[in-house]
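Based on the hints, put chains X, Y and V in the right spot on chain Z.
Chains as they are written, first to last, in my numbering: chain Z, 147 to 526; chain X, 147 to 526; chain Y, 147 to 526; chain V, 147 to 526.
Treat the hints with care, as some may be off.
A pair holds if it fits inside one copy or across any two, identical chains being indistinguishable in the list.
[Unchecked claim] Mimicking BS3-like on lysine-lysine, the simulated pairs with C-alpha atoms at most 25 Å apart in a straight line are:
hint, residue 1, residue 2
1, Lys183, Lys211
2, Lys518, Lys355
3, Lys211, Lys297
4, Lys297, Lys316
5, Lys371, Lys297
6, Lys297, Lys368
7, Lys368, Lys355
8, Lys239, Lys211
9, Lys368, Lys516
10, Lys297, Lys355
11, Lys355, Lys265
Treat the hints as calculated values from the structure; they're not laboratory data.
These numbers were taken from a predicted model, which means no experiment stands behind them.
4 protein chains.
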Amino acid sequence: MVGGGPGAFIGEVHRKAARMDGGIELVAGAFDINPRKSKQMGRELCINSRRAYHNYSEMIERELKLPQGERIDFASITVPNNWHFPIARDFLKAGFHVMCEKPMTFNVKEARALHKIVKQSRLVFGLMHNYTGYPIVKLARDMARQGDLGKIRKIVVQYPQGWLSTLLEKTGQQQAAWRTDPKQSGGSGCMGDIGTHAENLSEYITGLKIREICADLTIFVKGRKLDDDGNCLLRFNNGARGVLHASQISIGEENNLAIWIYGDQRSLEWHQEHPNYLYVKEPNGPVQVWRRGNDYVAVRSPAAARATRLPFGHPEAFIEAFANIYCNFADTVRARTTRTKPDPLALDFPTVGDGLRGMLFIDTLLASAKTKQKWTKMKN
Amino acid sequence: MVGGGPGAFIGEVHRKAARMDGGIELVAGAFDINPRKSKQMGRELCINSRRAYHNYSEMIERELKLPQGERIDFASITVPNNWHFPIARDFLKAGFHVMCEKPMTFNVKEARALHKIVKQSRLVFGLMHNYTGYPIVKLARDMARQGDLGKIRKIVVQYPQGWLSTLLEKTGQQQAAWRTDPKQSGGSGCMGDIGTHAENLSEYITGLKIREICADLTIFVKGRKLDDDGNCLLRFNNGARGVLHASQISIGEENNLAIWIYGDQRSLEWHQEHPNYLYVKEPNGPVQVWRRGNDYVAVRSPAAARATRLPFGHPEAFIEAFANIYCNFADTVRARTTRTKPDPLALDFPTVGDGLRGMLFIDTLLASAKTKQKWTKMKN
Amino acid sequence: MVGGGPGAFIGEVHRKAARMDGGIELVAGAFDINPRKSKQMGRELCINSRRAYHNYSEMIERELKLPQGERIDFASITVPNNWHFPIARDFLKAGFHVMCEKPMTFNVKEARALHKIVKQSRLVFGLMHNYTGYPIVKLARDMARQGDLGKIRKIVVQYPQGWLSTLLEKTGQQQAAWRTDPKQSGGSGCMGDIGTHAENLSEYITGLKIREICADLTIFVKGRKLDDDGNCLLRFNNGARGVLHASQISIGEENNLAIWIYGDQRSLEWHQEHPNYLYVKEPNGPVQVWRRGNDYVAVRSPAAARATRLPFGHPEAFIEAFANIYCNFADTVRARTTRTKPDPLALDFPTVGDGLRGMLFIDTLLASAKTKQKWTKMKN
Amino acid sequence: MVGGGPGAFIGEVHRKAARMDGGIELVAGAFDINPRKSKQMGRELCINSRRAYHNYSEMIERELKLPQGERIDFASITVPNNWHFPIARDFLKAGFHVMCEKPMTFNVKEARALHKIVKQSRLVFGLMHNYTGYPIVKLARDMARQGDLGKIRKIVVQYPQGWLSTLLEKTGQQQAAWRTDPKQSGGSGCMGDIGTHAENLSEYITGLKIREICADLTIFVKGRKLDDDGNCLLRFNNGARGVLHASQISIGEENNLAIWIYGDQRSLEWHQEHPNYLYVKEPNGPVQVWRRGNDYVAVRSPAAARATRLPFGHPEAFIEAFANIYCNFADTVRARTTRTKPDPLALDFPTVGDGLRGMLFIDTLLASAKTKQKWTKMKN
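So that you can see chain Z by itself, here it is in the shape it has in the complex:
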């Protein structure tokens, strides 16, 4: 693991998620940009002290020197955005599989480069678009892509948060500090951090691609350097219309990612904060609430069933969704390592293509925000 030092948020989530199912063991890491803190974290995590490295370059170098069965199988990258690319690149070049936080890179150029590197390697690259790990999201995906909704006409997707409604980054709060710093976070704040989840979710579930964007990005909090709110109109490649809005200044909203997908036959609704339920609506019938863990869900979506640990009514949540991404990624790594064929369902995790889409989305948003023209095309 690279990142996840003292005070980090997402690194510890990676660890809990990776540990939960017993198939992944944390054996080495460069946990902090400060080598002393990295060592300290290694001790806290009961890592062999020789494998708590001063930095990621040392980690690559030394791990490579270990006999093949003792080396790390893959590296998880959970550092601020500006470091994603060089670290991922170096691990890939050294022959290690990689799991990387999103957004994938600092900019589109890096994303294209990384895309190329991954494609040319035969390595497994996973991107932590964790919300696609929810079983019910997989059910929605299977329904939407297999025609249950008919032709998709409209998508509304939102991701409002309220935690940055004041200048939190000036109070020493580490999470706020790097996320609002253009040098670490990239060209966009709110939209890069969470708007990309909304984008990814809409494309993941429907299989459609955003083709045109009209964006209005705003910095509401004085003294902030990156957008803390963004609203946009979307047009998808099949002609569907969309609305995507995200915010970090929406007081009282916690992590309210939600999506509504309207087809000409049926529609779907899902809310991240209540992730075990999918609302399916028909033109002239009762609303159906599909609930995780039931047989009728498993029959409709083997992928949802595979991503389910507990019986119905025993709620599963964020960490489990995260762990599902790790499970599929690890099974794929394991198949590659053992030269066996992975379960086709194991291939269901976000990867470098999704990461490139995310970077293109941010790029297009930023271009759209600057122009007086209504629609800005999103490149491939």
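Same frame as chain Z, but now just chains X, Y and V:
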């Protein structure tokens, strides 16, 4: 009453709402464009047969001939949009107060003309933006306008329906037929019919004005002539950003008008289908669910208390909100008639200025939908 | 109308409900036990002053002297419980149809007497168990009685309120005062006032009869004379088990009547505070949310359709349910008056048999609360 | 670990929960009553094959022979109820700390014996009443016990499930089979399995003790040997009244444990299927929705904060609550092992006293179900 003949929807709602509180009596009407049906409706409503008129012109003429105490006090206009203006104009010119359905007129030109007529008369003009009649909407309005939210930063307002997801207008369904007919409905379908409610609600609660619009209007159902879906970005006169989307093709959505208002101190959330609840959110405190009919609501909003008939937990709904518009309108008419001073809270009903805003909103949407330019200014 | 004077709650609800649909006109009344207040109320209601009577006896006497077409058709009784019987009896004996508030009488003896009087007359007697007027309750009734649930095994029904969590009756609050006074209210407070609604709802929906009760009644507020909380176990005549609990000291509960009915094939759930929704659950399928006003509801339950005024998504609530009882009652009175056959669906309103059940329920509860024996039989 | 072999449900939950936070490592086990299956499970779990034992006696014997630093620190017991006592006893007698599934033993006699053994040892005994591990339950406990509710008057607690609405135990379903078998499960089915959770939750949150019970237990499914539904009235030691109902035949209910606690100042409401929210209600103020992970929660309840892994809006659920019991238990074991003083908050996990209460509850229920007397006292 003009309109509300056999098969009409909203006319009967007007009647139920006006009757409920006992202060308004229906004594005359031209209920249908077909004189025979008008007469028939008069009989069904137990109206004196001499006052079930063949048409509205006859109604005006004959009512004027009655002694002053026996005449109608005001006329309710519940016909398709294209008839609103001439009928309202003629009743006003004849000296009758008027309650009119929305959208107020067929186009902006008529709206400006009507605005002038009302302002020059000393008559009372009410516009049935019924959703502003909910007690909890009045509570929200008092909170938002009196500073509880701090400076308003963002407004998200939606009005999705699904009933026109097929070409219902070709099946003989009367409601669908006129609403999708440009000759009766005006330049916009979905946005004119329900988008205007969303616009009105956002301005009513916050006191802000929409200044710029970027719209994407769509006709999804083949063979339809007017938009059945619309999404837009908004900019308000205080700098607040907004998202407004409405639809008639969102399968499974019934009448899902809802609004989220985010200030820099607090935020609000309200859903029309669950109208007795207001969600108030603070930066670091529990979400508050304010429930209609409680003392703490009355203390915060006398207008909400005035609009409340039942104790808490005894739900009030659509017809009661409608009736609240009528109550305030009728109290104002009564005060005008008796030359007394109305209760200031009685003046709280939508009127010709709101109607003009609605028409300007539609006009701006249509202009925006046609241009490649991102922002289109909304005139005053 | 008898009752509904200044400060009364339910009398005004009766008036609004009866007025709403235009088929019932209030023409006479003895509105208050204080004759001056009765007269005053008559003026406020614009009743002909000769028909605002000093008391109900005068009302009967004088109305009988009017020519048949001018007399009242029926009397609504909305006074405290101890007056229900004599007033109902006298109106019935004078040949008037009667609509009466619940609980029907002061005790079982009166209830049996009234039952006999109604059965021997050929008059229409309606009992205002208003919650059975909700369209969705009628849908539930049709489902439960027509076998959709299979054999019913268990019923949980609750009616918690919190408004009497302090000694409100000593503060001059009129509603609290008579409801907690054994001389006006009868042998039970909470259970008589609202427990009977829960009892009635469970029997109305399922068609089952409570056969045995085990009750625990409590007075929590010091100085109060009647139970303000009650919990009981039930056994129904088909072997089903039940739990019924009601309360007036459950702080924060408003009017939270709700019922869960479990069959061996399906189950139902309904909440009075969200009356437009019925949850239908199957062993291995999504939860179904049936929503008022849809075609699929009308097809399943013509009674629900008949009780519906507005399209889906336009919420209906308490007053409309109340009005539905009045509509059916009035249609039945009208048929009786005109010697025509009423629509069979019009006969769907609570009547004297339901009232007797309610009184027997209260009686059994009181007996059970006093005994150390687990089960107390409920008589017929 | 003893139990958790192939096909087991709760054993794997124990493993995931114990693994998640990195502080507990599974090193040995007797996973199945069939020694071959135990070995097989050991392999699947990558346990050193010498420590995948044939049975628990062998496990005790061999672990004791290992040097102290290499032995297991504690044993988790996740087998059917009838085996809890002998296994727990033997591990305790061998000097190992124990974490045990609930209900704690097969009957009260065993429970008293185990209670004595634990008290006489200086070992740590944890009981997996997992629902007390939810942060929001800890918040509720702190509120209720520290007086926020005032004097508690009424408790309603429910635990309906529907999975045993048919004779599932005859289909080969392993979970159903042992839970409905009196020889493995004990004298009660539904109430022993889940009713005890409801009992435990009500006492854990409030600090009150159930003193008297009036129970109605039923076997609805023909051919079943133990109750599959139970309803009871409760009286608590402070005079509070209660209703507790649980079921395994309530079709459509999944794992709907929920509790309502009414004090004379405030009331609380919590639902296990939506575990991140606590509803706090006051006599005259908005309902408050307290949401996990916020600062205001941490301030009110340090125990809730300690039990929280993720920021607000990132839902936590069942496994995390389970893991919280393990964390506190393991911290206490660690303190005992290292002879340090544990964090006082670490002592917050269910233990042998809670287990004895649970067995007494079942015993009292069974006695009450048989008698014609209304109230049966619950012994201490």
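Do the hints match the structure? See the list:
Taking identical chains as interchangeable, the C-alpha atoms of Lys183 and Lys211 lie at most 25 Å apart only when both belong to the same chain, with a minimum of 24 Å there against 39 Å between chains. In this assembly of identical chains, Lys518 and Lys355 lie within 25 Å of each other by CA distance both inside one copy and across copies; the values are 24 Å within and 22 Å between. In this assembly of identical chains, the alpha carbons of Lys211 and Lys297 never lie at most 25 Å apart, being 54 Å within a copy and 60 Å across copies at closest. In this homomeric assembly, Lys297 and Lys316 come within 25 Å of each other (Cα to Cα) only across copies, at 21 Å, whereas the closest approach inside a single copy is 47 Å.
In this homomeric assembly, Lys371 and Lys297 come within 25 Å of each other (Cα to Cα) only across copies, at 20 Å, whereas the closest approach inside a single copy is 40 Å. In this homomeric assembly, Lys297 and Lys368 come within 25 Å of each other (Cα to Cα) only across copies, at 13 Å, whereas the closest approach inside a single copy is 44 Å. Taking the closest pair of Cα atoms, Lys368 and Lys355 come within 25 Å of each other only across two copies (23 Å); inside a single copy the shortest separation is 35 Å, beyond that limit. Within a single copy, Lys239 and Lys211 get their C-alpha atoms as close as 15 Å, which meets the 25 Å cut-off; across copies the closest is 48 Å, which misses it.
Taking the shortest Cα distances, Lys368 and Lys516 sit within 25 Å of each other inside one copy (19 Å), while across copies they are farther apart (35 Å). In this assembly of identical chains, Lys297 and Lys355 lie within 25 Å of each other by CA distance solely inside one copy; the values are 14 Å within and 37 Å between copies. Taking identical chains as interchangeable, the C-alpha atoms of Lys355 and Lys265 lie at most 25 Å apart only when both belong to the same chain, with a minimum of 21 Å there against 52 Å between chains.
In summary, the structure is inconsistent with hint 3 from the numbered list given earlier, while agreeing with all the others.
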